[in-house]
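Novice: Spelled out, the chains give:
2 protein chains.
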Amino acid sequence: MERPSYLPSTLRPPRAQCLAVVMVGLPARGKTYISRKLARYLSWLGYQTRVFNVGAYRRERLGMKHTHEFFDPSNMEAESARRSMARAAMEDMLGWFREGGEVAIYDATNHTRDRRAMVRQGCERAGVPVLFVESICDDEAIIASTVREIKLNSPDYVGVDPDEAVQDFSARIAHYEQRYETLDASDGSFVKLINVGHELVLHDLRGDLPGRLVRVLMNLHIVPRPVWLTRHGESAYNVAKRVGGDADLTPRGERFAVRLTDFFNDHVIPGDDVQVWTSTLKRATQTARYLPSPLVTWRALDEIDAGIFDGMTYEEIKAQHPEEYARRQKDKLRYRYPRGESYEDVIQRLEPIIIELERQRSPTMVITHRAVLRCLYAYFLDQPPSSCTRLDVPLHTVIELTPNAYGCDEERVPLGDPVPEEV
Amino acid sequence: MERPSYLPSTLRPPRAQCLAVVMVGLPARGKTYISRKLARYLSWLGYQTRVFNVGAYRRERLGMKHTHEFFDPSNMEAESARRSMARAAMEDMLGWFREGGEVAIYDATNHTRDRRAMVRQGCERAGVPVLFVESICDDEAIIASTVREIKLNSPDYVGVDPDEAVQDFSARIAHYEQRYETLDASDGSFVKLINVGHELVLHDLRGDLPGRLVRVLMNLHIVPRPVWLTRHGESAYNVAKRVGGDADLTPRGERFAVRLTDFFNDHVIPGDDVQVWTSTLKRATQTARYLPSPLVTWRALDEIDAGIFDGMTYEEIKAQHPEEYARRQKDKLRYRYPRGESYEDVIQRLEPIIIELERQRSPTMVITHRAVLRCLYAYFLDQPPSSCTRLDVPLHTVIELTPNAYGCDEERVPLGDPVPEEV
Chain A
82 MERPSYLPST
92 LRPPRAQCLA
102 VVMVGLPARG
112 KTYISRKLAR
122 YLSWLGYQTR
132 VFNVGAYRRE
142 RLGMKHTHEF
152 FDPSNMEAES
162 ARRSMARAAM
172 EDMLGWFREG
182 GEVAIYDATN
192 HTRDRRAMVR
202 QGCERAGVPV
212 LFVESICDDE
222 AIIASTVREI
232 KLNSPDYVGV
242 DPDEAVQDFS
252 ARIAHYEQRY
262 ETLDASDGSF
272 VKLINVGHEL
282 VLHDLRGDLP
292 GRLVRVLMNL
302 HIVPRPVWLT
312 RHGESAYNVA
322 KRVGGDADLT
332 PRGERFAVRL
342 TDFFNDHVIP
352 GDDVQVWTST
362 LKRATQTARY
372 LPSPLVTWRA
382 LDEIDAGIFD
392 GMTYEEIKAQ
402 HPEEYARRQK
412 DKLRYRYPRG
422 ESYEDVIQRL
432 EPIIIELERQ
442 RSPTMVITHR
452 AVLRCLYAYF
462 LDQPPSSCTR
472 LDVPLHTVIE
482 LTPNAYGCDE
492 ERVPLGDPVP
502 EEV
Chain B
82 MERPSYLPST
92 LRPPRAQCLA
102 VVMVGLPARG
112 KTYISRKLAR
122 YLSWLGYQTR
132 VFNVGAYRRE
142 RLGMKHTHEF
152 FDPSNMEAES
162 ARRSMARAAM
172 EDMLGWFREG
182 GEVAIYDATN
192 HTRDRRAMVR
202 QGCERAGVPV
212 LFVESICDDE
222 AIIASTVREI
232 KLNSPDYVGV
242 DPDEAVQDFS
252 ARIAHYEQRY
262 ETLDASDGSF
272 VKLINVGHEL
282 VLHDLRGDLP
292 GRLVRVLMNL
302 HIVPRPVWLT
312 RHGESAYNVA
322 KRVGGDADLT
332 PRGERFAVRL
342 TDFFNDHVIP
352 GDDVQVWTST
362 LKRATQTARY
372 LPSPLVTWRA
382 LDEIDAGIFD
392 GMTYEEIKAQ
402 HPEEYARRQK
412 DKLRYRYPRG
422 ESYEDVIQRL
432 EPIIIELERQ
442 RSPTMVITHR
452 AVLRCLYAYF
462 LDQPPSSCTR
472 LDVPLHTVIE
482 LTPNAYGCDE
492 ERVPLGDPVP
502 EEV
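Taken in sequence, the protein lines are chains A and B.
Heads up: the first sequence begins at 82 in the working numbering, then just goes up one per residue.
Heads up: the second sequence begins at 82 in the working numbering, then just goes up one per residue.
Derived from the structure by calculation, the hints contain no laboratory data.
Do not take every clue at face value.
A pair holds if it fits inside one copy or across any two, identical chains being indistinguishable in the list.
Said to hold, decoys possible - Computed list of lysine-lysine pairs in DSSO-like fashion (alpha-carbon distance at most 30 Å, straight line):
id: 1; residue 1: Lys322; residue 2: Lys146
id: 2; residue 1: Lys363; residue 2: Lys413
id: 3; residue 1: Lys363; residue 2: Lys399
id: 4; residue 1: Lys363; residue 2: Lys146
id: 5; residue 1: Lys411; residue 2: Lys399
id: 6; residue 1: Lys413; residue 2: Lys146
id: 7; residue 1: Lys322; residue 2: Lys413
id: 8; residue 1: Lys146; residue 2: Lys399
id: 9; residue 1: Lys146; residue 2: Lys411
Only chain A is shown next, with the shape it has when bound in the complex (with noise of 0.2 Å):
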């Protein structure tokens, strides 16, 4: 028996699992911002994940400008160094499966049957199953305004006349067009995305992992939206530097549940159907009580819990647990309070969460407490698990947050008293 006999508690799939994410499409169909929501919703709950962009690799290796002749299908000796590129990547991601890699996303037009073929096989060889994502878009809208996105942003036309570089660039996706195949029953698993999820097609999906990128394509959307997130209002527990408990405000708390109810009424336009999420805790559902919308409570914004701990300071926890308190030092991540929870519990348990929070077309205020907000945090700006530990997210500021196509624009409010600084 290979495998641990005993693994770690945890809502990730029983099975340790490795998969390669093979995207596929023509130019400006989103492929990049794509590749990187999967691989930022994939190392947040915690897996190895990586993008190879052979794109990047081609810049690289080839220089940096390429106009649209190096894209013509008839030009053997470019196809020929594109290929050698998608090969480049393809090793290096399979080497990096070897070292304990767990899901790469290979993002390429692999737009024709042979070539995919070519990922395919090597992935396979390599004992690692291949899952196609093939994005689609027909609505011109959309591809104008990507092709725009992509002539301001991309590498290839920095110093290039934007109207030049429209240009050649719609030369290229022609190119493409040319020789373009649609996935289909012969390449095995897939999933097919039209028009940013206005309609996707699952084909011969297994396992837990497809199931789970499968619901973060059905909610991609592109329209911004604000994120507010805030802890509550300084508790009675906060003073008296204790962890856990269900305390109520202090004053200085409920200064701070007024001052964001201003915010809120300052921050929401009329007719927007916004969403106020709190904690079930007494403390977040206070700091919500002058707000003028309905509240939703959910358990899973509920505080870290510290188990046997609950209630106790840090310097008691050091006192009485000195062996515990030396184990948590040296893994914040993964240590789990005796009968209480780890950061890596708390990811997991948010997982909903963040498939609701993308899957809101309105602004949401979410209202909970330090090591939820750190975890969510993380989530949105893309910074590894590991930092949740440590991420500064003091009391009485509102975090705003928009999530744009290449990540997300942050601005923090401070609102009311300043706080002592906290352990």
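Given the structure of chain A, go ahead and fit chain B onto it with the hints provided.
Specialist: Same frame as chain A, now just chain B:
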């Protein structure tokens, strides 16, 4: 503001939602199987759910025996009778929505655009969004097995010679094929299921609830395999009649662990890829410790969290917190232990476990706790959530469940020492 200003804490979607799931497909494509599966899942999650089967209206109102001529589209009189049955079922469904129904499953062939437009307009006028679910099957082996199943079980063919039944039923299918129109963009939101989950097409899906249904539909399969549910062996807390805690096994509990291993070895066929899942609590992992399979420990399988009453006996709770005790007696399903969980909470956190168990194609042994086992059992045996709080699940007994097309077979195997009656 019409919505309540404070919704119960839940992992359910933030908004009260209702939905009409309208099945589409030829006879013998598993529509009724899928309808029941979705209904069972949704009821268990706490949605007010009901299946409206148009065939049942026909049998009830027009009598049992209809030969294939009744389904001939050129038979205008029958066509009109069938249409009025479809309307009657729809009117009942809309009435049920008005009385607070949340998710209706409208089970009929709905194989023409015309008929679907009728159902959709009726629902939309009542403010109920519609999701079509079409089951397409071109695998002759699956169809033949479904036809056989129907021939054996359908109330339409009671007392009919089997060969004659198959012939008539095939003629009935042929009538429907004549006018069959598959779903397309004009139908709005839909899911197409091709060959029992081999391929899915998701069109214009919005919202959390359709997303959840897709997860169920993605994992449909009809490979029979047992699920063995058992509680841990007797623990010191069982003897002391204390709730919660993290006690060790008693000698009697230890003997159960040994006997469970014998049971396992007797029932597992070499080569079976058996999974053993336990909670993270000592009494569960100790019960599993002699099993020859690696364990997967899930926090989601931990016992209901008794919050501030953890470690107390029911007598003590009653004596020290009579009001809480009385509240719990009144509504055990929704009663949440202070700082702990309700049965409803437990069901929500078990949802990923159910999805995983449905997905498995090989046997799974689940070693868990009384409240958790009750909730899992209620799902498989299609018991209402309210029954969860009372189901009889004794210690030292393996419950073998084998899901089949129309429900679940159950066998109970007592192993080891009898244990005194529990409260």
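Novice: If a hint holds in the structure, say so; if it does not, say that too.
Specialist: Hint by hint, here is what the structure shows:
1. Lys322 with Lys146: This pair counts as neither: shortest intra-copy Cα distance 58 Å, inter-copy 76 Å.
2. Lys363 with Lys413: The answer is both: 26 Å in one copy and 22 Å across copies each meet 30 Å.
3. Lys363 with Lys399: Answer is both; intra-copy 27 Å and inter-copy 25 Å each pass.
4. Lys363 with Lys146: Cα proximity of Lys363 and Lys146: none, with 59 Å in one copy and 62 Å across.
5. Lys411 with Lys399: within (13 Å within a copy, 43 Å between copies)
6. Lys413 with Lys146: So Lys413 and Lys146 fail the 30 Å test inside a copy (46 Å) and across (69 Å) alike.
7. Lys322 with Lys413: Only inside one copy: Lys322 and Lys413 sit 19 Å apart there, 35 Å across copies, limit 30 Å.
8. Lys146 with Lys399: neither (59 Å within a copy, 78 Å between copies)
9. Lys146 with Lys411: Neither. Shortest intra-copy (48 Å) and inter-copy (74 Å) distances fail the 30 Å Cα cut-off.
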